[in-house]
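Residues per chain are reported as follows:
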Amino acid sequence: DGGITQSPKYLFRKEGQNVTLSCEQNLNHDAMYWYRQDPGQGLRLIYYSQIVNDFQKGDIAEGYSVSREKKESFPLTVTSAQKNPTAFYLCASSLELDDGGGADTQYFGPGTRLTVL
Amino acid sequence: GQNIDQPTEMTATEGAIVQINCTYQTSGFNGLFWYQQHAGEAPTFLSYNVLDGLEEKGRFSSFLSRSKGYSYLLLKELQMKDSASYLCAVRYSGAGSYQLTFGKGTKLSVIP
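Residue numbers (this note's numbering), protein chains in the order written: chain D, 1 to 117; chain R, 1 to 112.
Source of the hints: derived by calculation from the structure; they are not laboratory data.
Owing to the predicted nature of the structure, the values given are computational and were not obtained by experimental measurement.
Virtual Cβ for every residue (Gly too), placed ideally from N, Cα, C.
Restraint ranges, calculated between C-beta atoms of paired labels, are given here:
{"id": "1", "chain 1": "R", "residue 1": "GLU56", "chain 2": "D", "residue 2": "PRO8", "range": "36 to 42 Å"}
{"id": "2", "chain 1": "D", "residue 1": "ASP59", "chain 2": "R", "residue 2": "GLU55", "range": "26 to 32 Å"}
{"id": "3", "chain 1": "D", "residue 1": "ASP54", "chain 2": "R", "residue 2": "SER93", "range": "17 to 23 Å"}
{"id": "4", "chain 1": "D", "residue 1": "ALA81", "chain 2": "R", "residue 2": "GLY53", "range": "43 to 49 Å"}
{"id": "5", "chain 1": "R", "residue 1": "GLU56", "chain 2": "D", "residue 2": "LYS14", "range": "49 to 55 Å"}
{"id": "6", "chain 1": "D", "residue 1": "GLY40", "chain 2": "R", "residue 2": "GLN79", "range": "22 to 28 Å"}
{"id": "7", "chain 1": "R", "residue 1": "GLY28", "chain 2": "D", "residue 2": "ASP54", "range": "20 to 26 Å"}
{"id": "8", "chain 1": "D", "residue 1": "LYS57", "chain 2": "R", "residue 2": "SER109", "range": "32 to 38 Å"}
{"id": "9", "chain 1": "D", "residue 1": "PHE12", "chain 2": "R", "residue 2": "ALA16", "range": "38 to 44 Å"}
{"id": "10", "chain 1": "D", "residue 1": "GLU15", "chain 2": "R", "residue 2": "GLY53", "range": "47 to 53 Å"}
Incomplete in silico selection of chain R near chain D, CB under 10 Å:
{"id": "11", "residue": "GLY40"}
{"id": "12", "residue": "TYR48"}
{"id": "13", "residue": "LEU87"}
{"id": "14", "residue": "ARG91"}
{"id": "15", "residue": "GLY105"}
Model the full structure from these sequences, guided by the hints.
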């Protein structure tokens, strides 16, 4: 079964702690993305990666870090510098980053709900 | 950022037809996506439009007018399971960077 997995589904963290969210895909997609979703707001892009060992900041990268050491994996670390980390985090992947024919259609993982206590 | 406007909430009756509108800024437009998101779950891809016209996929259709900066998602023969949020997302191109901007979503409630 091809797809995107995220773990854990629910995560609780104390203030001041860093936490890493996992994202793995076996779709052989080149591009991967991290979004956060807050109630009443659209998805906001945190980071994206077009290829291994390369990634770019999105609209709200402050307080987050990522790595892309393998094509299949794109973990997100929420650092203690992130002022308001409680949110629903979604990872996505696409065949390519930017393609007018729709090959950049993004497919989402099940999400991780992070709560900071 | 680019604004994507969708109605916040809509209610429709089982078996009926509903149209969910999306308007966006046209400058740099390079494609539009519709996603369905059930509460607490991930968005799932519904449709993609880059040229003007109607794309039909079973009970769901999506329309695009690039000159007007307007799209709609049409859901026919509504079922209770169609109760979800529907997200409009626009791809903008420019300056070598990638940007997909999501609207806030339209929460659709289907009632018996």
